[in-house]
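Chain order of the listed sequences is C and B. First residue of the first sequence? That's 1 in our numbering, and the numbers climb one at a time after it. First residue of the second sequence? That's 1001 in our numbering, and the numbers climb one at a time after it.
Heads up, simulated DMTMM-like pairs for lysine to aspartate or glutamate below, C-alpha to C-alpha not over 20 Å straight-line:
#, chain 1, residue 1, chain 2, residue 2
1, B, LYS1049, C, GLU103
2, B, LYS1104, C, GLU44
3, B, LYS1104, C, ASP86
4, C, LYS15, C, GLU63
5, B, LYS1104, C, GLU103
6, C, LYS78, C, GLU24
7, B, LYS1024, C, GLU44
Chain B regions said to be covered by chain C (calculated; three or more residues, Cβ under 8 Å):
#, region
8, 1038–1052
9, 1103–1110
Calculated from the structure, these hints are not laboratory results. Every residue gets a Cβ at the ideal spot worked out from N, C-alpha and C, and that includes glycine.
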Amino acid sequence: NAGVIQTPRHKVTGKGQEATLWCEPISGHSAVFWYRQTIVQGLEFLTYFRNQAPIDDSGMPKERFSAQMPNQSHSTLKIQSTQPQDSAVYLCASSPRDRSYAEQFFGPGTRLTVL
Amino acid sequence: AQSVTQPDARVTVSEGASLQLRCKYSSSVTPYLFWYVQYPRQGLQLLLKYYSGDPVVQGVNGFEAEFSKSNSSFHLRKASVHWSDSAVYFCAPNTGYQNFYFGKGTSLTVIP
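Based on the provided sequences and hints, a complete structural model is requested.
Listed below in structure tokens is the structure:
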């Protein structure tokens, strides 16, 4: 079991460019979560999928962020027209159930730096 | 609405000393309670969790936590810390349908 895989581990973009982050959840897990982690804000929920369907995107900045899960083996988080304030570590997690009692398994994160 | 407070942003202890990291939550119902740890350049890993029953729960690497309903707390403890315990620790009390809430974290530094 390789755990949750996130690629790339580091990404540097120029202001205004697009960034796509990839997540491969643990096989058999039905729920996939995306979080953003910064020193100031801590760990912020962005969005999650259950059985590939988007369930809650209440944490997503509406204008430039989007997430998809085209199949059960990967999810993507896309940020258009990146801004310096988007610089953060983006964490993906998967869980066998999207319930409050279920453990989440986290990937190592993608560190995004917007110059 | 629920909330969680980890009052200590940074804690420094000497190797071999005992440790307590505090977590207080606010919720109208008793939540499910988790502690996660994040080592440098890694994602979060589960240390332990509490659902019900014995208020003291054991986790990995000698960690334990005690739930107190009267104090709305779920403090993490370890009898003797090791330098490898240096990491950021997150408390996550969760109620209801989703598991989205994490505290700000406590950064632990263990001095050899």
